[in-house]
Every structure is written in C-alpha cells, then in structure tokens.
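> The hints should help you fit chain B onto chain A, whose structure is shown.
Now for the letters of each chain:
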Amino acid sequence: MEEILKELKQRFSIKDPEKKRDDLHFVKIEKKDTIAVLTYLKHYGGFTHLAFLQAVDRIEDEKFQLTYMLYNYKLKINLAVKVLIERYQAEMTSIHKLWAHAWQYQRELKEMFGINFPGSPRVDESFVLEGWSEKPPMRRDFDTLEYSTKTYYQRPGRSTNDPKKYMKKKLYKNFAKSPDNGRKNG
Amino acid sequence: MKKKDINKIEQEMKLANSGLSEKEKTLFSNARPAPVKPLNKYLEKFLNWARAESLWILGYGTGCGAIELRPLMTSRFDIFRYGIAPRPTPRQSSVFIIGGYASLKTIKRIVRSYEQMQGPKFVIALGSCTINGGMYYDSYYTINRIDHYIPVDIYVAGCMPRPESLIAGFDKLKENIKAGECDGMNRYAENFDWYKNNQKKIIKDWDMPDYNW
Chain A
1 MEEILKELKQ RFSIKDPEKK RDDLHFVKIE KKDTIAVLTY LKHYGGFTHL
51 AFLQAVDRIE DEKFQLTYML YNYKLKINLA VKVLIERYQA EMTSIHKLWA
101 HAWQYQRELK EMFGINFPGS PRVDESFVLE GWSEKPPMRR DFDTLEYSTK
151 TYYQRPGRST NDPKKYMKKK LYKNFAKSPD NGRKNG
Chain B
1 MKKKDINKIE QEMKLANSGL SEKEKTLFSN ARPAPVKPLN KYLEKFLNWA
51 RAESLWILGY GTGCGAIELR PLMTSRFDIF RYGIAPRPTP RQSSVFIIGG
101 YASLKTIKRI VRSYEQMQGP KFVIALGSCT INGGMYYDSY YTINRIDHYI
151 PVDIYVAGCM PRPESLIAGF DKLKENIKAG ECDGMNRYAE NFDWYKNNQK
201 KIIKDWDMPD YNW
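Sequence order for the protein chains is A and B. Position one of the first sequence corresponds to residue 1 (the numbering used here), numbered consecutively onward. Position one of the second sequence corresponds to residue 1 (the numbering used here), numbered consecutively onward.
In case anyone wonders, no lab produced these hints; they're calculated from the structure. Think of the CB as a built atom: it goes at the ideal place given N, C-alpha and C, for glycine as much as any other residue. Any given hint could be a false lead.
[Stated by the list, open to error] With beta-carbon atoms standing in for the labels, derived distance ranges:
| # | chain 1 | residue 1 | chain 2 | residue 2 | range |
| --- | --- | --- | --- | --- | --- |
| 1 | B | 19 | A | 16 | 51 to 57 Å |
| 2 | A | 52 | B | 204 | 27 to 33 Å |
| 3 | B | 89 | A | 56 | 42 to 48 Å |
[Unchecked claim] Calculated lysine-lysine pairs in the DSS-like style (CA-CA distance at most 30 Å, straight line):
| # | chain 1 | residue 1 | chain 2 | residue 2 |
| --- | --- | --- | --- | --- |
| 4 | A | 135 | B | 196 |
| 5 | B | 37 | A | 135 |
| 6 | A | 28 | A | 42 |
| 7 | B | 178 | A | 150 |
| 8 | B | 201 | B | 14 |
| 9 | B | 201 | A | 135 |
| 10 | A | 63 | A | 28 |
| 11 | A | 150 | B | 196 |
| 12 | A | 150 | B | 37 |
| 13 | A | 42 | A | 32 |
| 14 | B | 105 | A | 135 |
| 15 | B | 105 | A | 150 |
| 16 | B | 23 | A | 135 |
| 17 | B | 37 | B | 178 |
| 18 | A | 150 | B | 200 |
| 19 | B | 45 | B | 105 |
[To be verified] Computed from the model, here is a short list of chain A residues facing chain B with C-beta under 10 Å:
| # | residue |
| --- | --- |
| 20 | 12 |
| 21 | 14 |
| 22 | 25 |
| 23 | 126 |
| 24 | 129 |
| 25 | 131 |
| 26 | 144 |
| 27 | 147 |
| 28 | 154 |
| 29 | 157 |
| 30 | 161 |
Chain A on its own, in the form it takes in the complex (with noise of 0.2 Å):
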C-alpha cells in the first residue's frame, strides 16, 4: 500500500494521506485530478472495485465532499478517494465510463443532494423519490421537520420524553443511589 500511495504522491497533488486500519486508507485529491487518479488506481494500483459513491453536505464551508470508496481485491484494502466540489450549482464529472454501475450512485446523488453529472445514465430520472418538488431532502439547509408540519398532519398531544430523565424516573429509582449500580451479581 505505501508502494501505492508514494506513486500516487509522485503523479499527483495528494493531501494529507491517512492510515485508518491496516485495510482502510483514506487520501484527499483536487477535483481536476479525479479522473486521472481514479484511473490510475483502477488500472494500475489495482484497485478494480467501487464499493460506493457517497456525498457528505459541508455546508459551513460551501461544498460537497464526494467519497468514492475503491477496493483491492489482491492486497484486500480499502481505499477511499475524497473530492471537494463547489456547493453552488453542484456538478461532478461522470464516473460511469470506469465503472458502469456508478450511474446508480450519482442518480440517487442527483436526487438526493442535487449534484449534476452531465452524460451519467438516466441521471435525471427519479431514484426513489417520486414527483419531488422541493429542494434535494440530503442538503443539510433542507428542514426535514417543518416540511413535515407543513405537508402531512401531525396528531396533537403527542409529547417527548428524555430518555436518560425518564427511565431515571419511572424504571431504575434505585439506580443511581446504590453504589454497584444497582447490580446484585457480578
């Protein structure tokens, strides 16, 4: 894997390389080198498997985080690519030319955090959302709960309890007094 990496380092900007497990490595790349290095990895560093396709919402820094998880089946390690795109008008380059199922993940990306991959398949279908209008459900500044009240109706009384208080109330009155925590064997 260092063999790996340190190509990598040599052809492309690579930041801050990280060392999960044995089995699991994570590397951040600049968006214009993506294809290259993701092309690289597949053809040359082995790693012939895209396990996933996944966008984390970094609203505080105006952008989306793409991971795209790839896999070595010889040398059995994980390899997570992370990108960083523009939040504003999101758009990404189309993987599905190195992996042809990856035009399920940016389907379900489209739908769901409204990143567009021109000439992916089927990108502008709907993945599981049907007749959606609103802005994308996975966009953090999208509030799930008043778009709840809004649309479905809400039955009244309904009350929340904390469950930490409530169980300290109602079940284990004894349990914080007794000193082994209210266990009697072992």
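Coordinates of chain B only, in the frame set by chain A:
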C-alpha cells in the same frame, strides 16, 4: 327537476380521472364508491359473524411491521387457528394490515390496493408510525397519520408490537365486526372527496384512476 339538469348533475358526480391519458380513461371506470346499507337485522348479524370468522389478510408488507406477519402466519403463532389466512391479491382479501411507516411511494400503492379490495373490508394499522408518525414524525417522506388517507378500524400500538398484540388486535377487530361497528368502507365512500383531497395533496404525480375499481 328537468331531465337535463339531472344528467348534468350526474355528469358532475363522475370522477374526472385527470391523471390518466385519453386512451387510459376508456379503460377505467369513473363512478364514485357508494355506501352500502346493512341488510335486515338478523341477516346482517349472521353475515357479520361469518365475516369475522374468516378474515383474509392481504399479503402486502408496507413497512418494517411486515416482519411480524411471518411468525404470525407460521407455526409459532399460527394465525390459521383463528380462521385468518393470507391472500396474494387485493381482490381476494378483506383485511389490510398497514405494517408500520408508510412513505409517499408506499401510500400510493396502499391507496390503490385498498380501493381494489372488495367490500366488506377492514384496515388494521400496526405500530406507532401509523398513529402519529412514531420515530419518523419529522421525516420528509413518511406520512404521519394513516387515517387521513384511508379509514382505519383498529390500531395496534407499539414499536414494534409483538405478534401477541397483533392477535389481540384481531380479537378486537372480530368483536367490532360482530357488533357491526367496522364501517370503514362506508366512511371512505361518504367522505370520498376529503380522503381524495388529502391523498392528492401529498401524491404530486398522480397517474392512476381516481377510484381504482
């Protein structure tokens, strides 16, 4: 009233079926559902007894609650003892179990299946999600109250309710049927416009007939 006026009113009472294309409009009925009056007292009582003792449930798992139907039907809880059997199609069944949360995508199918069921038909709503949204009360794609979209006869509370409580729910349903109180189908027919408005408010891409019969 003149015959012309009566014809006009009848025409207005027909359903518009505006979600269908011109070709499809010829394939579906545009009649409204009509409430069914009970027969004479003793005959209706006998029929209600017969209905209560042979409940056929629609085998359509709409949420996570459908997982409770498997032990209910198989050997451990064996619902066949109570004369309750699962059926594969809406046309053959008389009980619809809403198994937990219903998303928008599911409620479209729920409405369609419910309307296709032949009367008398009953609805058991299972789990707290169907009552007030449960843990999904703030979700953008899960409805909060099922009784605004289809009429409900029995609620079984819990998250998830065990098969035992579902059996208790069936017992209560039987009691109510025998007492002649389960008139969900008539309520649906009488308040048809209200139910339809609620359904159309959330289902934005309405592409099915207004009444699926």
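> Given the hint of 42 to 48 Å, is the C-beta distance from residue 89(B) to residue 56(A) inside that range or not?
44 Å, holds
> Taking 10 Å as the limit, does the beta-carbon of residue 126(A) come near enough to a beta-carbon in chain B?
Given a least distance of 9 Å, the restraint on residue 126(A) holds.
> Between residue 150(A) and residue 200(B), does the CA-CA distance stay at or below 30 Å?
Status holds; Cα separation ~15 Å.
> Is 27 to 33 Å a correct range for the gap between the Cβ atoms of residue 52(A) and residue 204(B)?
The hint (27 to 33 Å, Cβ to Cβ) holds, given that residue 52(A) and residue 204(B) are roughly 29 Å apart.
> Restraint: residue 147(A) near chain B, CB-CB cut 10 Å. Satisfied or not?
This hint holds: residue 147(A) lies near chain B, its Cβ roughly 5 Å from the closest one there, short of 10 Å.
> For the pair supplied as a hint, residue 28(A) and residue 42(A), confirm whether the alpha-carbon distance does not exceed 30 Å.
Given pair residue 28(A), residue 42(A) holds - Cα atoms ~17 Å apart, limit 30 Å.
> Would you mind confirming whether the straight-line C-alpha gap from residue 150(A) to residue 37(B) stays at or under 30 Å?
Roughly 37 Å separates the two Cα atoms, so the pair is violated.
> So, as I understand it, the hint says residue 12(A) touches chain B; can you test that by seeing if any CB pair is closer than 10 Å?
39 Å, violated
> For the pair supplied as a hint, residue 135(A) and residue 196(B), confirm whether the alpha-carbon distance does not exceed 30 Å.
Judged against 30 Å, a Cα distance of about 26 Å means the pair holds.
> Could you check if residue 131(A) really has its C-beta closer than 10 Å to a C-beta on chain B?
3 Å, holds
> Would the hint linking residue 201(B) and residue 135(A) be met if the CA-CA limit is 30 Å?
18 Å, holds
> Take a quick look at whether residue 201(B) and residue 14(B) sit within 30 Å of each other, Cα to Cα.
Measuring from Cα to Cα gives roughly 20 Å; hence the hint holds.
Hint compliance for this structure: hints 5, 7, 12, 16, 19, 20, 21, 22 and 30 are not met, and every other hint is.
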